[in-house]
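Read top to bottom, the protein sequences are chains H and D.
The numbering of the first sequence is our numbering, which starts it at 1 and goes up by one.
The numbering of the second sequence is our numbering, which starts it at 1001 and goes up by one.
One should not assume that every hint holds.
Said to hold, decoys possible - In the BS3-like style, the derived pairs of lysine-lysine whose C-alpha atoms are separated by at most 25 Å in a straight line are:
| no. | chain 1 | residue 1 | chain 2 | residue 2 |
| --- | --- | --- | --- | --- |
| 1 | H | Lys148 | D | Lys1354 |
| 2 | D | Lys1350 | H | Lys148 |
| 3 | D | Lys1241 | H | Lys88 |
| 4 | H | Lys139 | D | Lys1018 |
| 5 | H | Lys88 | D | Lys1361 |
| 6 | D | Lys1382 | H | Lys88 |
| 7 | H | Lys479 | H | Lys463 |
| 8 | D | Lys1385 | H | Lys88 |
| 9 | D | Lys1350 | H | Lys88 |
| 10 | H | Lys412 | H | Lys468 |
Stated by the list, open to error - Quick look at which bits of chain H chain D covers, simulated, 3 or more residues with Cβ under 8 Å:
| no. | stretch |
| --- | --- |
| 11 | 44 to 56 |
| 12 | 84 to 98 |
| 13 | 285 to 297 |
Unchecked claim - To be clear about the criterion: a stretch of chain D counts as covered by chain H if any three or more of its residues have a C-beta under 8 Å from a C-beta of chain H, and this derived list gives those stretches:
| no. | stretch |
| --- | --- |
| 14 | 1089 to 1096 |
| 15 | 1100 to 1107 |
It should be emphasised that the hints constitute simulated quantities derived from the structure, not laboratory data.
No residue lacks a Cβ here, since even glycine has one placed at the ideal position from N, Cα and C.
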Amino acid sequence: MSYIIQGETGPWEVVIGLEVHAQVISNAKLFSGASATFGGDPNTHVAFLDSGMPGMLPVINAECVRQAVKTGLGLNAVINRRSIFDRKNYFYADLPLGYQISQFAHPIVGEGTIILDLKDGTSREVGIERLHLEIDAGKSLHDQHPSKSFIDLNRAGVALMEIVSKPDMRSPEEAGAYLKKLRAILRYLGTCDGNMEEGSMRADVNVSVRHPGEPLRTRCEIKNVNSVRFVMQAIEYEAQRHVEVYEQGGIIEQETRLFDSNKGNTRPMRSKEFAHDYRYFPDPDLLPLEFSQEFVDEIKAGLPELPDAKKARFIADYGITPYDAGVLVAEKETAAYFEAAAEGYDAKAVANWVMGDLFAALNRTGRDITDSPVAPENIGKLVNLIKDDTISGRIAKEVFEIMVETGDAPDKIVEERGLKQVTDTGAIEAVVDQVIAANPDKVAEVKAGKEKLLGWFVGQVMKASQGKANPGILNEMLKKKLLG
Amino acid sequence: MTELTKLTLAEVRDGLAKGEYTSVELTEAFLGAMEAHKALNAYIVSSPDVALERAKASDARRAKGEVLGPMDGAPVAIKDLFCTEGVQTTAASKILEGFKPQYESTVSGKLRSGGAVMLGKTNLDEFAMGSANITSAYGNVVSPWVAEDDPEKLVPGGSSGGSAAAVSAHLCLAATGTDTGGSIRQPAAFTGIVGLKPTYGRCSRWGIVAFASSLDQAGPMTRTVRDAAIMLGQMAGFDPKDSTSAKVELPDFEKALTGDIRGLKVGIPKEYRPDGLNSEIAALWDQGVEWLKDAGAEVVEISLPHTDKALATYYIVAPAEASSNLARYDGVRYGLRVENGGNLDEMYMKTRAKGFGKEVKRRILIGTYVLSAGYYDAYYLKAQKVRALIAQDFAEAFKKVDLILTPTAPSDAFPIAGGAKVDPITMYLNDVFTVPASLAGVPAMSIPGGLSQRGLPLGLQLIGRPFDEETILRAAGVMEAAAEFSAVPTLLRGTK
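Next up, chain H with everything else stripped away, as it sits in the complex (with noise of 0.2 Å):
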């Protein structure tokens, strides 16, 4: 799997570290009270504290907290039972307070670790340096008046968790499949929506290259990137730039980028003359976060079961690949879906339908697996007419189209449009005399070697019997009556 860049000095490794910015799924904000729900009309969720008014001062809300230790628990990571809230200052229209309150030296989450699956049904794990919890800043709209910006408080002093991960990842590829697993995991905890487009979900990218050995080189931060398909393009580019720039003899300068996804470049965002000292202190209006071991406990014992262990059970229980089983997992409705689907039946057919026409048929109607119109069972049912040879792979599929128009049940299709397949040989029997009699000239080719020519016969029968013969009766008899 490995991603190497080929210069004229040699091959480049690519180092990515990814940042992300998972809003927190709470009611309010993490510490003025006000509603963190997401729309709403400008500047209509907004407490005093979020608008910096004079002597106003945060009080943590502990549902925020629960929902971070319940994510570090998730990715299997040293929860703080003592941690401290920071200021970042710096000047910003949409920043009102003047400093956003962030944790710095002292994280409510330490080290942990996500699991990627690949594509090669391989996996690789990759370590979480920190998770941390801070405010969100206002939205600022350029394009409302010619000269004048607006502002927008109704984010200001949502909850995020700032997940950090160790730079660890060696290619685009390992950096989206990143994403996607802390996106599976955070949605199977609850904790985050994972809405990369609404901007629950941001990614700071940190890229740099260097030869397969070398310590690490200068990397260049490419910020609030919001999709994982421009999380991949981003690293492709800056790391293609790295590589030329050292090869021209250059030197890249730490610095943070902006990803362009109209042009697929990064650009610098801010020269250095004008880089952010952020002067961190503890925050006085706070004192530090402590909680007991018990919080900790209760939480860690209503945690769900997560992707990893869905999918280790998947392959146990079901019998099913690796790979199929990750896919499955990726999103907790499709892996509830398949289960309820797989719940007796051949669960290993049921997953091939769910990921192949299921998926597509979604996909094409642009529905979502939790209002499928075809029902769980409903696969299953559609396997086991399969099975007892009551239709034919071919028709399956004619009647699945017919399951996702109507809804209905695979059965009651079957009966009500005469598609049972026919394994009565008498009648298939009479179809392929007919079929026979009616081609001499065909015929004689096959007797003469011509045996691709069977394939035709098979396809006149079965046009003959509207796709109901059973293919492998008719095929053995084909042969028997052409070939001997």
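For chain H, the structure is supplied; the task is to place chain D on it using the hints.
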């Protein structure tokens, strides 16, 4: 000075209960005094409409037999650092000119819901940064005291200079102050009144314009110890809206005034008697020791070894927090905005350049510097370590003694004209005796002890264990009785 404005808070509580006068009569008397002594510039705004409305409501309640508490109907002044609903709150800064909060600070809200009548908002040093009340954007406060040998106008001390002058000159019954490094105690000493800085966490900071969050603490400024006890009870208490507010029981502070301090152990820290200590101050301190001994207390010498590091520590910690706390005054959402077609950064710079005064700018610069990359460890981090040592000093001392007695300020009040010429370091030295207790978060109180040879008030400071304001009040009551401090500010002499 009318008969009504001469009264103490305790007397007013009883007088109102007996129906000797009404809250409206009291309020009108104080509004009249405020008008008569406008030249002191003790108030930034008076709020006669609010005051009379609340006084009438108080009288109406009382007529129905409802009394909200010991301060129901009592006219008080609120330092203009407390946000007051619908009444301009400036922190004495141009940058907040015209700002009318939509909310009421917890402390002023408690007084309000206890029936107290707000007369107006008192002047202070800009953002409470100063020890002379000469940094206000709304002009200097003039002390009602004048030295016998010099007609120069004197400072009332700071930062709660407006509150001190108002209480001293009987322009209110009592006032709220805030104390970050001595801002209640030092002006109390300069104006001959009582000022109590409670334990950090005793009074909620919610709704008080922040200067240095880990140090700011609200407290009462009154003419008697008993009044301070009554008023503290109306200001203090746990507030879930302030994470640093303490969940401790609220005692009946007035009950602590038993007059009995027999067996109490009082420490005299040797480090507070440096070479060159003003001899009048030293003499008053010795006098204080005698008063305590006469009342049966045991006085012992103690050591607070890190005292000499306190001022430097304070002037790192407080500006650091201030530099961050004051970042919100950027012209974007409220208060002053200076713009002339430039970009955002230019608006910030112009707004803050015009909106902040010199001392505030100086402290923002110091604070920004000590938090900067490369300097943080040498200044801020080290200061935090020293602060912990200073707190440790007090913790150790309080294993041996129940109270500590020191002078409040190193001198009596100085002229306004002189203050403006004083260099910042000398000005900062005013806080040398008050700052250690602030850094340690322990309660401390200044009471008038006597007059200097020039006829100006001098204060003594009592420092107590965390959340033991009661012992301070008890000893203060005894010393107050012994001192028999009855001097009237120069301004009020000859008036009746």
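Results of checking the hints against the structure:
no. : hint                  : result
1   : H:Lys148 to D:Lys1354 : 22 Å, holds
2   : D:Lys1350 to H:Lys148 : 17 Å, holds
3   : D:Lys1241 to H:Lys88  : 22 Å, holds
4   : H:Lys139 to D:Lys1018 : 59 Å, violated
5   : H:Lys88 to D:Lys1361  : 20 Å, holds
6   : D:Lys1382 to H:Lys88  : 20 Å, holds
7   : H:Lys479 to H:Lys463  : 18 Å, holds
8   : D:Lys1385 to H:Lys88  : 21 Å, holds
9   : D:Lys1350 to H:Lys88  : 23 Å, holds
10  : H:Lys412 to H:Lys468  : 16 Å, holds
11  : 44 to 56              : holds (count 7)
12  : 84 to 98              : holds (count 8)
13  : 285 to 297            : holds (count 3)
14  : 1089 to 1096          : holds (count 3)
15  : 1100 to 1107          : holds (count 4)
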